[in-house]
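J.: Please construct the entire structure, taking both the sequences and the accompanying hints into account.
Sequences listed follow chains A and B, in order.
Start counting the first sequence at 1; every next residue gets the next number (the working numbering).
Start counting the second sequence at 1001; every next residue gets the next number (the working numbering).
Take these hints with a grain of salt, some might be off.
Derived contacts from chain A toward chain B, CB cut-off under 8 Å, selection only [stated by the list, open to error]:
1) GLU53
2) ARG58
3) GLN99
4) LYS199
5) ILE235
6) ALA247
7) GLU253
8) LEU254
9) HIS258
10) ASP259
Looking from chain A toward chain B, a few residues come up when the C-beta cut is under 8 Å (computed) [unchecked claim]:
11) ARG57
12) THR59
13) GLY60
14) GLN204
15) LEU208
16) ASP248
Distance ranges between label pairs, derived from CB positions [claimed, not checked]:
17) A:ARG102 to B:SER1102: 34 to 42 Å
18) A:PRO304 to B:GLY1286: 48 to 56 Å
19) B:GLN1268 to A:PRO304: 36 to 44 Å
20) B:GLU1313 to A:LEU367: 48 to 56 Å
Because the hints were derived from the structure by calculation, they are not lab data.
For glycine and all other residues, C-beta sits at the position ideal for the given N, C-alpha and C.
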Amino acid sequence: MHCRYADPMGDTPQFFDELTRPDGQPRSPYDDYAHWFGQEDIGRLRRKSLEAETFFRRTGITFNVYGQQEADERLIPFDVVPRVLSAREWGRLTKGIEQRVRAINAFLYDLYHRQEILRAGRVPRELIAQNDAFLPQMIGVTPPGNVYTHIVGVDLVRTGEDQFYVLEDNARTPSGVSYMLENRETMLQMFPELFSRIKVKPVQDYPLRLSRSLCACGPPVTSGRPVIAVLTPGIHNAAYFEHSFLADHMGAELVEGHDLRVVDGRIAMRTTRGYKAIDVLYRRVDDDYLDPLNFNADSVLGVPGIMDVYRAGGITIANAPGTGIADDKAIYSYMPDIVEFYTGEKALLENVPTHRCAEVESLSYVLDNLADLVVKEVHGSGGYGMLVGPAASKKELSDFRAKLTAKPDKYIAQPTLALSTVPILTKAGLAPRHVDLRPFVLVSPNKIDITPGGLTRVALKKGSLVVNSSQGGGTKDTWVLED
Amino acid sequence: MLGKTAGGLYWMFRHLERCENTARLLEAGFRIALTRPDGSNDDWGSVIDTVGARAAYMEHHDQFDQAEVVNFLLRDPANPSNVMSAIDSARNNARLVRTALSREVWEATNECWMQLKTALAKPVPDRDLPEVLGLIRQLSGQVRGALHGTMLRNDIFNFARIGTFLERADNTARILDVKYYVLLPSISQIGSSLDNVQWENILRSVGGQRSFRWINGTEVSSHGIANFLILDSRMPRSLAFCVNKLQSNLSYLEREYDLRHPCHDMVQSMLGRLSAHSIDQIFENGLHEFILAFLSESAAVGNEIERNYRFQE
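T.: Right, here's the structure in full:
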């Protein structure tokens, strides 16, 4: 079967396709795959597709959807056609990502210490002072090794051969890495012959790298090998599978708030032999719920007093509390300035041009061009509460217009990006669908470690630009080819 | 290990064991009902008694109808320990302690849950019952197989086994508790066909007919059966066997943690009582009293283990 679209987008050449050149031949990263695909039978691939689903269910790689009791556990659809990036493409991306992540950590350190960037007037003071994601409790606190964001997910989209944009930075508790790993595992099981033919950079050692990276950030009180634990809100959390997966593969304990308490100035977990101190806590609980004594008093997910232990150097919290200020959507539009301010270089990765609706001129532009724009809540995530102008009905547009006018500072707007497409396998054969990419970045005092590839999210619906799994998106294995 | 994890393992395996035991009870009850000459439903009443759910059952039913009892034990939400909710709890605990399980144990548990969810989605008609009950036994056996074949023999394994054997001992003791009157020589007419059926029921529900014959031939006596189920430490569902296993698993923990707890002494004394008495002495002192004492001791041991190993705060 030819590695060509059975159902091409036809007259929509404005989208960059990662598989096909304008002349109809495969782009070079896909050469070897296309050759293999050419000898495959679509029936076999469809069967493999179903096998993958059974495999995911058996393994329990599911996510919980809030507010949907019937479908308590759902699968994220997996597509069997890998997305392929060349070593050169990847090399360029990593330089940009590394620069950006360095800047984010320098920015956080600065915000919680001398605030030079505010003094220099490069970022408006009120944007920080009035922002819930800025934690006054962190002022003057220096985390071990100056690392704030131990784990970062940088969401990238592509619009052309060399055109990548950062859609958003995830500096709080980025998720999805378990899908990246299980997708590869699934592909290795289903298509071993592909991997003996095509050399793909491995991702499977991510948990070990994560563990090493976290160990390198232990607090000064650590004696011997640091004790790591993963803090989860519990089995009903959407990402519980991932939490247990990571704890499992790191050989760390998976704890909940009620397993922990403060003992002798340390955070300790209740074990069958008594309380045992934790050195590094990889928490998957939001700042707000982390400590009922210091933040949301109603939280039962956190540990009373953990912030006091943290400030006294008794534990490393990864990511550090208060990192949310760096991935706030209101801050996002300042990222090019932030990168330049701390690294002295121009940002290698571009930002999507962003209109801050809080500014009067921008607001009127946004209101005039609503049907062409994507409008996002400054504090939203997961694709909830956003407007995709070109896909919205008249009613949705006018409803959103009202919300926007009432509280303009809650929103930012961006042009609708022409996200690149990659092939997925449908009943009829290959079909192009829009994708984004979330590479995962580990930060330790002396190293920024980027796992080759990352999680590719794909909008399975024809023409859809929304890739979020909560909105019907799927995932695929992402290959970075060896040189 | 986290206290919560120890508790999760313990409950995971208690619930799995409970599924299997309920399936065995149902198999025995079903078989008896099929072969009973008088076609009465008496045995279904004692099956309900054995799982300790008479009150819950009577709230919704006024007689022991076969289809109702089967549905009640397999999937009726009115029965909090129906097979489906037990496997649900087992799997939820498995998710909770996933980091402590080998991939194979988790997958066997998940597979068990997925298949039973389908098999028990609707009431099970008589003609499918043997197959479904067999499936429950088989799937829970696969979890146990994966546990034995792939798990490190450390404290994780010990807590899993402690849950298994406490639940199993409890189950065997309940069967004896409900049926003790058939074993009392003064009341039973040895060799009458009714008693044979009842005894068969008891042996069948612990999967022990064949083993019993190996040991006792075709000679069936109440003392023989009681000895087999209480004192014979070769029989994997006897009280002596289960308490022995409890004791050995707790001893591993004692050695590994270098810490002796009150639960160790309690199990030691349970074991002492079982080995100090012959079956004749037990009958002499009162079989019923013996079983009641055993049930309350095993419940107390369970609570003590939870406390000693900090399952909860």
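J.: Each hint: holds or not?
T.: Here is what the structure says about each hint:
1. GLU53: 12 Å, violated
2. ARG58: 5 Å, holds
3. GLN99: Since chain B brings no Cβ nearer than about 36 Å to GLN99 (chain A), farther than 8 Å, the hint is violated.
4. LYS199: With a minimum Cβ separation of about 27 Å from chain B (threshold 8 Å), the hint on LYS199 (chain A) is violated.
5. ILE235: Since the shortest Cβ distance to chain B is 5 Å, the answer is holds.
6. ALA247: Holds. Min distance 5 Å.
7. GLU253: 6 Å, holds
8. LEU254: At 5 Å from the nearest chain B Cβ, LEU254 (chain A) passes the 8 Å test, so the hint holds.
9. HIS258: Nearest chain B Cβ about 6 Å off; hint holds.
10. ASP259: Given a least distance of 5 Å, the restraint on ASP259 (chain A) holds.
11. ARG57: 7 Å, holds
12. THR59: 7 Å, holds
13. GLY60: 5 Å, holds
14. GLN204: 14 Å, violated
15. LEU208: It is violated, given that the least Cβ distance between LEU208 (chain A) and chain B is near 16 Å, above 8 Å.
16. ASP248: 4 Å, holds
17. A:ARG102 to B:SER1102: 34 to 42 Å: 40 Å, holds
18. A:PRO304 to B:GLY1286: 48 to 56 Å: 53 Å, holds
19. B:GLN1268 to A:PRO304: 36 to 44 Å: The hinted range 36 to 44 Å holds for GLN1268 (chain B) and PRO304 (chain A), with Cβ atoms some 40 Å apart.
20. B:GLU1313 to A:LEU367: 48 to 56 Å: 54 Å, holds
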